[in-house]
Amino acid sequence: MKKGAAALIIGLLIVAGIGFSGDLLGQAKKPPIKIGVVADKTGGLAAYGYSHEKTIRAAFAKINKDGGIAGRPVELYVEDTESKPSVGALKFRKLVETYGVDFVLDSNSSGVAVACAPVAKELKVIYMPSADASELWGDKGNRYVFPACSSVSQETKAAARYAVKNIGKKWVTVVANYAWGWSNEEEFTRFIKQDGGTVLASIRVPLGTSDWLPYLKGKIPKEAEAVYFANFGSDFLSFIRDLYAVRPDIKKLGAVYALSAQDIKKLGPAAEGTYCMTPYPTMLEGLNTKSNKAYRELINVDAEGREIGTGVRFVLAFNWAMWEAPFELKAAIEKSGWQGKLDTPKLIQTLEGMSFKEGVEFPRGDLKIRAEDHLPSVGMYVERIVNGDLKVVSHVPAADVMYPPLVNYQKEGF
Amino acid sequence: MPESLLNVLFLLMNGLIWGLIIALIALGLSLIFGVMGIVNMAHGDLYMVGAVLAFYLFPLLGNFWLALLVVPLIIALIAAPIERFVLRPYEGHHAVTMIATVGISFILQQAALATYGGVPKKMADPWAVSFNLFGVSYPGYRFLIAAISIVILVAIGLFLYRTSYGILIRASIQDKDMAAAMGIDINKVLVGTFVLGSALAAIGGVLAAPITQVSYLMGNDVVLLAFIVVIIGGLGSLGGTLVAALSLCALEGVLSALLSPTQSKAAIFVVMIIILMIRPRGLFGEPER
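Respectively, the protein sequence lines represent chains L and C.
Its first residue numbered 123, the first sequence is counted upward by one per residue in the numbering used here.
Its first residue numbered 74, the second sequence is counted upward by one per residue in the numbering used here.
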């Protein structure tokens, strides 16, 4: 009996051995590249997380269909940040330490991105968020962080220039009370002063506030001509309703995102005439190029910005950044010959200063990543609600919104 | 009237209206704590369930006020089994009961997340009329909230102090074991109180839904304030809860005229600490026996 059992076990081991070696000798498949995504699937930014995750999946589906990155297929791992910085940082760690991802993309939340940046450096993983607080290209970023979208400084520089020329000189700022809002408040104030305007009052309102009347009533000086606001989602809906109740005459300019995913037609008279900054026009007619049309087809979005099939409004303000980031990674990995974690410093040096040409992978136009602070060269559009429709009224080219870098990451080690 | 006085009056009125909604929620919490001795950590989530149900029922029924009647019935169907199968088995074990309600809270939140989703949404206005008050185009709906809350509070007061069922509940708050010894069917009182308390929270949610953002986490915002109001008012004192809710929210409103609303919220906590330092059992609380 014992002899029989031993023979059986040895036999099984031999068969298993043949099976495995056959696999090894057979198709020498290249190991996959693992990419993690910290997506804001729930919480205040859930609408953004939805469109970003879909866009990232579409980008890597295209990459895998075209043969992968350096012949290696891409595997995606997606975790939920719950729109909270503490949770986001935890999930970042989980992606790297548990799943072994080589790169991490997304979070739209400046809070989450700021929390994850030091973790990226500690774990030596390249991190490409889609958050725009200016500190991410300054003292809160580091050599491993490559935010793929525009910075609040670029956005507010364009906003202030357009504002003083076309809207008014006396302003009030109303921002969400966290990193992104503070960034908008400080930068807009700085740039509007440079262009000859003034900010008469700065109001900060916590995320998720539903009753804005106590924040607005009696806090907006009579001489104020216009409001620059930084909020989004249902905060924006409450804000625009309550602002109209308090000061129906005042002009409004929104930071990037403010109008994202909103059904403009349903906003009513409270929103009529509102201006909004965006690095990417919501409507196809705002940038009617072959590349942009192709890009929108690949992410399954119609000419008005709605997902075909579900009718869900995509947040197009920044998801182009999560479309371009995968292709930036692909190009840099192939150019630098990156094979694994030990090659990451080489990859970083390749990304710094790299240029990309306009095409379906970069539908907004040519792009260059600045070497010192990783700032991408992004131009701005100004949209306006006119008779219930969203129209592009101005375009500010990338060169006009660049500013001197605040840091030089190239002096940092790895 | 000078501008600043107009502001203060406006903010006071706004605060009182919120105070009425908080009063409803806190009253529910106070009843549950008074009769059952249970610290119900899921109370805020029943408020959330009320708001989510209102969000779905309003377009479905076409009538917001119908939702106000239907929601408490649905909540009764949820609350009664919770009391019978989750809370009653652990009666007397306060720590275990509290943890059990935390579990209920998680279940309610995740259920809402799975069905309603993670994105906070705004409901349509049930009454799209505005009044020009204190220089603001004030939504008429907020006055309706105030009116309905007052009606409900008066009705609850009459129920508790003028009906025999009300006497049963108040007797059970005073001394549950004595009440049982006197022949009162204490189980019926327990289930009835829990359902009533939960229904009050849910009605608070229905009323708040059009002026706030309906999200699966909205319970967390109110549950803390509700507990503070119950403690400041005095544990076991229903009148104290009402007074505390209205005064604290009115005070927060008035302070927003001088400070920013965020600072006023912090100031309310300072007020709470001072009150508790001077009177640890709350404004109208019973002394420890």
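I should point out that these hints are in silico values taken from the structure, not numbers from a laboratory.
Watch out, some of these pointers could steer you wrong.
Stated by the list, open to error - Derived SDA-like pairs: lysine to any residue, alpha-carbon spacing no greater than 20 Å straight-line:
#1 L:K152 to L:K387
#2 L:K344 to C:P199
#3 L:K388 to C:F207
#4 L:K262 to L:F536
#5 L:K341 to C:F207
#6 L:K388 to C:P199
#7 C:K194 to L:R435
#8 L:K246 to L:G459
#9 L:K513 to L:G318
#10 L:K387 to C:A197
Unchecked claim - Quick look at which bits of chain L chain C covers, simulated, 3 or more residues with Cβ under 8 Å:
#11 317-330
#12 336-348
#13 356-366
#14 473-481
By construction, the Cβ of each residue, glycine as well, lies at the ideal position given by its N, Cα and C atoms.
Exercise. Is the Cα-Cα distance between L:K513 and L:G318 20 Å or less?
Worked result: violated (27 Å)
Exercise. Are at least 3 residues of the segment 473-481 of chain L within less than 8 Å of chain C when you compare beta carbons?
Worked result: Since three or more residues must qualify, the claim that chain C covers the segment 473-481 of chain L is violated, with 0 doing so at under 8 Å.
For this session: Take a quick look at whether L:K388 and C:P199 sit within 20 Å of each other, Cα to Cα.
Result: The hint holds at about 16 Å.
For this session: Decide if the proposed pair is consistent with the structure: L:K344 and C:P199, CA atoms, cutoff 20 Å inclusive.
Result: violated (32 Å)
Exercise. Going straight from one Cα to the other, do C:K194 and L:R435 come out at no more than 20 Å?
Worked result: holds (14 Å)
Problem set entry | Proximity test - 8 Å, beta-carbon atoms, the segment 356-366 of chain L to chain C, at least three hits | That given contact holds, which follows from 5 residues of the segment 356-366 of chain L lying within Cβ reach (below 8 Å) of chain C.
Problem set entry | Proposed proximity, L:G459 with L:K246 (alpha carbon, max 20 Å) | Given pair L:K246, L:G459 holds - Cα atoms ~18 Å apart, limit 20 Å.
For this session: With a cut-off of 20 Å on the C-alpha distance, tell me whether L:K152 and L:K387 pass.
Result: violated (50 Å)
Exercise. For the segment 317-330 of chain L, do three or more residues have a beta carbon lying closer than 8 Å to a beta carbon of chain C?
Worked result: holds (count 5)
For this session: For the pair supplied as a hint, L:K341 and C:F207, confirm whether the alpha-carbon distance does not exceed 20 Å.
Result: holds (14 Å)
Exercise. Counting residues of the segment 336-348 of chain L that have a beta-carbon nearer than 8 Å to any beta-carbon of chain C, does the count reach 3?
Worked result: holds (count 4)
Exercise. Straight-line Cα separation of L:K388 and C:F207 no greater than 20 Å?
Worked result: violated (28 Å)
Hints 1, 2, 3, 9 and 14 from the list above are not met by this structure, while the remaining hints are.
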